[in-house]
Amino acid sequence: MGPADTALRVENIRKSFGNLEVLKGVSLAAEKGDVLTLIGASGSGKSTLLRCVNLLEIPDSGHIFLGTEELKLTRNRAGHSVPADRHQVDRIRSRLGMVFQSFNLWTHMTILQNVMEAPVHVLKKPRREAEEQAMALLEKVGIAEKAATYPAHLSGGQQQRAAIARALAMDPEVMLFDEPTSALDPELVGEVLRVIRQLAEEGRTMILVTHEMGFAREVSSEVVFLHEGQVEERGTPDRIFESPQSERCRKFLAAHLRS
Amino acid sequence: MNLQLVVDSLPQLLDGLGLTLQITILSIFLGLVVAVPAALMRLSPNPLLRWPAHGYIFYFRGTPLLVQLFLIYYGGGQFREELDALGLWTYFREAYFCAVLTLTLNTGAYTAEILRGSIQAVPHGEVEAARACGMSGWLLYRRIILPKAFRLALPAYSNEVIFLFQATSLVSIITLLDLTGVARSIVARTFAVYEIYIAAGLIYLACSYGILFVFKRMEKRLMAHLRPEERRQAQKAADPAQENLPV
Numbered sequence: 221m222g223p224a225d226t227a228l229r230v231e232n233i234r235k236s237f238g239n240l241e242v243l244k245g246v247s248l249a250a251e252k253g254d255v256l257t258l259i260g261a262s263g264s265g266k267s268t269l270l271r272c273v274n275l276l277e278i279p280d281s282g283h284i285f286l287g288t289e290e291l292k293l294t295r296n297r298a299g300h301s302v303p304a305d306r307h308q309v310d311r312i313r314s315r316l317g318m319v320f321q322s323f324n325l326w327t328h329m330t331i332l333q334n335v336m337e338a339p340v341h342v343l344k345k346p347r348r349e350a351e352e353q354a355m356a357l358l359e360k361v362g363i364a365e366k367a368a369t370y371p372a373h374l375s376g377g378q379q380q381r382a383a384i385a386r387a388l389a390m391d392p393e394v395m396l397f398d399e400p401t402s403a404l405d406p407e408l409v410g411e412v413l414r415v416i417r418q419l420a421e422e423g424r425t426m427i428l429v430t431h432e433m434g435f436a437r438e439v440s441s442e443v444v445f446l447h448e449g450q451v452e453e454r455g456t457p458d459r460i461f462e463s464p465q466s467e468r469c470r471k472f473l474a475a476h477l478r479s
Numbered sequence: 026m027n028l029q030l031v032v033d034s035l036p037q038l039l040d041g042l043g044l045t046l047q048i049t050i051l052s053i054f055l056g057l058v059v060a061v062p063a064a065l066m067r068l069s070p071n072p073l074l075r076w077p078a079h080g081y082i083f084y085f086r087g088t089p090l091l092v093q094l095f096l097i098y099y100g101g102g103q104f105r106e107e108l109d110a111l112g113l114w115t116y117f118r119e120a121y122f123c124a125v126l127t128l129t130l131n132t133g134a135y136t137a138e139i140l141r142g143s144i145q146a147v148p149h150g151e152v153e154a155a156r157a158c159g160m161s162g163w164l165l166y167r168r169i170i171l172p173k174a175f176r177l178a179l180p181a182y183s184n185e186v187i188f189l190f191q192a193t194s195l196v197s198i199i200t201l202l203d204l205t206g207v208a209r210s211i212v213a214r215t216f217a218v219y220e221i222y223i224a225a226g227l228i229y230l231a232c233s234y235g236i237l238f239v240f241k242r243m244e245k246r247l248m249a250h251l252r253p254e255e256r257r258q259a260q261k262a263a264d265p266a267q268e269n270l271p272v
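Same order as they appear, the protein sequences are chains A and B.
If you read the first sequence in this note's numbering, its first letter stands for residue 221, the second for the next number, and so on.
If you read the second sequence in this note's numbering, its first letter stands for residue 26, the second for the next number, and so on.
It should be emphasised that the hints constitute simulated quantities derived from the structure, not laboratory data.
A virtual CB, placed ideally from N, CA and C, is assigned to each residue, including glycine.
Any given hint could turn out to be false.
[Stated by the list, open to error] Just some of the chain B residues that point at chain A, by a computed CB distance under 7 Å:
| hint | residue |
| --- | --- |
| 1 | 47 |
| 2 | 151 |
| 3 | 153 |
| 4 | 154 |
| 5 | 157 |
| 6 | 158 |
| 7 | 159 |
| 8 | 161 |
| 9 | 168 |
| 10 | 173 |
| 11 | 176 |
| 12 | 180 |
[What the hints assert, rightly or not] One side only, chain B facing chain A, incomplete, derived with CB under 10 Å:
| hint | residue |
| --- | --- |
| 13 | 126 |
| 14 | 162 |
| 15 | 164 |
| 16 | 248 |
Whole structure, please, built from the sequences with the hints as guidance.
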């Protein structure tokens, strides 16, 4: 496939927090329709990498391309890496959908208002259109009857499905999932994974950080194993899960598949 | 106790109450208009914005309201020529204007501090979620941060409104005939200290209760998302809702 089919590409991302180098030059590329799964021990940098993609963390160096557009980074007077163009950051972020571990729904708004908020105020869609679309999305994730409810009155699984609907409402080119089921009670994990699987089957481009190894194996087109801020191993899920090449990856999978 | 005197004085006292309420409402409204930019400036990373706001808040929270009132009302006279040149003297010679200006600046400083605290208390994850949707700058403040901050500030802010309402009694010292001012003049005429001040106190009390009632209603409306009884109902309803999953 040519470069026109690349949905998202990051090259040589480096990021340090103080003296701790969390990402030591990581590159990824997702073609349209790919589901890229990042796995690795906690502290391996997978969440930081995902957060670098939409600049919730600013990488110290490296390149980020969404489609063919490169996110421009520059350095401020103190020598820190900063976005060159704030408007470009907003624009790029509005083309990426982010789902957080802790949902982060706006608690003072109803579920419907949560889903309509960004389409109406960022994309400037007419309210009616935004509402119709929001209701369709809530229908899709199975919580349409909760549209008028506040987030605090929903279960964790329902809140996370609402958060997915909120991200989908921007009609994003790539969905980013940051451990979407890690904050959920075990019995609620299934309902969220079901929604994500449905999105994968519809051919959405997604980057997923998860500890759900069985799920990663089912939905991924590529699995990337990170270790201490570097890509230790990458490949198709079958190859990674059947015959991991690196010792560390083997150990990690053995520990996680056992449970 | 001379109850007849209280009854006879009631129309005058209520007249005074009218002025008290007028000054309170005007100062609260204008104070809020001052407080929002002051709080935002106070939180700005730019020292040229942050330090003036800091100084303003520091001064008005750190000095007695009565001193501020004297400074603006009597102190204004000292700068008569300068104020005249600016065309402001006509305002500064009015006790009413000076009272509203002082109370506005005073409550503005306190409210700015309340707002600053509640802006900082807005959950970080919700702000991040808004950024991830492409919101930033004023849009982010207008749609997410300020609406949340106002809600968080409500209980502390109701205190500030009550405080300001009672602090308006100080304006009687600069010749205004507010509720306290009227009470003072009646007492000076009749020497019925107990009757009149108790009557004035009860009127203040009734109004304070009214203010608290309004805030309670407002909290109930704006904090609906945190009301526990609905949450309990929602939990009861949560189980059947699980069946509505996509297949």
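Fill in: Unmet hints by their number, sorted upward, for this structure
The structure conflicts with hints 1, 12, 13, although it agrees with all the remaining ones.
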